[in-house]
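A.B. asks: Here's the letter readout for the chains.
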Amino acid sequence: MAKIKKSPWLLHYDGSSCNGCDIEVLACLTPIYDAERFGVMNTGDPMQADIFLITGGINTQNAEVVKQLYNQMPRPKVVVAVGVCACTGGVFKDCYNILGGADTVIPVDIYVPGCAARPQSIIDGIVQAVELFQKRSDEHDKEMKNKGREAS
Amino acid sequence: MGKRSIIPYGPQHPVLPEPIHIDLVIEDERVIEAIPSVGFIHRGLESLVDRRDIHQLTYVIERTCGICSFGHGMGYCETMEDIFGVEVPKRAKFLRTIWFELSRMHSHLLWLGLLADAFGYENLFYQCWRIREKVLDLIEMTTGGRVIFSVNKIGGVLKDISPEHLRLIDSSIDDIKAELEVIKKTFIEDSTVQSRLRGIGIITKEQAHALGCAGPVARASGIRCDMRKRGYEAYQFLDFEPIISDAGDCFARCYCRLMEVFQSIDLIHQAIGMIPDETDISIDVKGNPTGESFIRIEQPRGEAVFYVKASGKPHIDRFRLRTPTFANLPGLCEMLKGAELSDVGLMVVTIDPCISCTER
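Protein chains in written order, with the working numbering: chain A, 26 to 177; chain B, 49 to 408.
The following block holds chain A by itself, in its conformation from the complex (with noise of 0.2 Å):
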């Protein structure tokens, strides 16, 4: 599992950001910025995502979609968030409905500032979250042979 940074996938979730962001990961994965050529894959289905990132802050009714959507990935897993509603709440953290970025309902690891967060900085994020991922399962790898040790 030593190349496993070559082919993580991505899961894109749109918190309740104002659409800025998620046009920009958008184009991130579009030819003239092409965040594919790291080896990641946009997908829609959460059983098969590595790396969630999440744009916009979180509300009172999303808050149970983005914690299931982040509990039905497999682990190892990484997340990003997208845009300075996602890091802190930004510009809504003082409305009724906004609880505040995405790390009060789940752990965030790699935060992208900006408004909206420019396509050159969701890269930066990304490059960082793959480099993140292959840490995080050289130490699962490790954990699981361990336990195999034990057991046998």
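Don't read these hints as lab results, they were simulated from the structure.
Any given hint could be a false lead.
When the alpha-carbon atoms are kept at most 25 Å apart in a straight line, the in silico DSS-like pairs for lysine-lysine are as follows [to be verified]:
#1 K118/A x K357/B
#2 K118/A x K160/A
#3 K207/B x K138/B
#4 K361/B x K118/A
#5 K277/B x K138/B
#6 K253/B x K182/B
What follows is a set of in silico ranges between Cβ atoms, one per label pair, in the way DEER data are often shown [what the hints assert, rightly or not]:
#7 M72/A x M189/B: 39 to 45 Å
#8 P56/B x Q73/A: 16 to 22 Å
#9 R100/A x P56/B: 22 to 28 Å
Glycine included, each C-beta is placed from N, C-alpha and C at the ideal position.
Based on these hints, arrange chain B on the given structure of chain A.
C.D. replies: Coordinates of chain B only, in the frame set by chain A:
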């Protein structure tokens, strides 16, 4: 008579980046009823009026939606200018029109890409987005932002476009037009696309009128409604006719939006030709106004209605926004009745839903 079952569609699904949730009541493969449920993206943006002053609010309202952000900021500014009783300089009007049409182009190209993706043409999706990047480059060159470009202020605009940049826009949109001609062929003539779009999701003129559809959805059903004809900003000086189709199906909606990109190119050409050579691009507005105002503008997705009530305090009393997607959702639910399950994704895309606007 088959057994009825309910299929939940969304909020997380691969067709749109946004969370839209619809419960589809189906019998065999046919949709009997579609029940949308909303609130996954509700932020309570309108409540910020008592925490941000009238000038700061411009930037908050712009973030109602990232795709049609310029229009929202402009609509709010127009409403406030109406309350203040001021008229913006003529050059500012033309600049707003140019940016507004550029943002309409990028919004429609984005949508054409999503549509191509929905009927399975991935390469066409990439082509649309590649052309869209050129529009975004023009926007970035003139404003500094790509999708949210805060250039509106109450009383005018914050940035001017230099004559060189105007010339560059003028020539670049011609290049874009040439590239669009190529993809237009696929959208209009390709037989696979035709078989996927023709006769699917029909809304008749009567239905569209009764359900209050707006924008390209209404125009595709033959209703001649385009708020730009109201003549706000520089549209009063420009010569154009709303693009109308009679069929009311998915293909008609695709055709209307595709043609509107060409129309926007023409409008930008006209605006650049007529822009007055002035230095004034904004006027200062001071104080806390009293009054209420109601403005309608044509967003890429249709008619948006802005309402502001102010009573001489630093904060306005009420801001209300009726967005085009909200008007088009009843049309979508009507369309989905009797549809094949496999066409649902396509139909959802053809009304160009912007859930962020709708739920704010």
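A.B. asks: Quick one, are K253/B and K182/B close enough, alpha carbons at most 25 Å?
C.D. replies: violated, 36 Å
A.B. asks: Has the hinted range 16 to 22 Å been met by the Cβ atoms of P56/B and Q73/A?
C.D. replies: holds, 20 Å
A.B. asks: Decide if the proposed pair is consistent with the structure: K118/A and K357/B, CA atoms, cutoff 25 Å inclusive.
C.D. replies: holds, 24 Å
A.B. asks: Assess, step by step, whether the Cα of K277/B is no farther than 25 Å from the Cα of K138/B, and give holds or violated.
C.D. replies: holds, 18 Å
A.B. asks: Taking 25 Å as the top limit, are the C-alpha atoms of K118/A and K160/A close enough?
C.D. replies: The hint is violated at about 33 Å.
A.B. asks: Is the straight-line distance between the alpha-carbon of K207/B and that of K138/B 25 Å or less?
C.D. replies: holds, 14 Å
A.B. asks: Return holds or violated for the Cβ distance of R100/A and P56/B against the range 22 to 28 Å.
C.D. replies: For P56/B against R100/A, whose Cβ atoms are near 26 Å apart, the range 22 to 28 Å holds.
A.B. asks: Please verify whether K361/B and K118/A have alpha carbons no more than 25 Å apart.
C.D. replies: holds, 23 Å
A.B. asks: Given the range 39 to 45 Å, decide if the beta-carbon distance of M72/A to M189/B lies inside it.
C.D. replies: holds, 42 Å
In this structure, the earlier hints numbered 2, 6 are contradicted, and the remaining ones agree with it.
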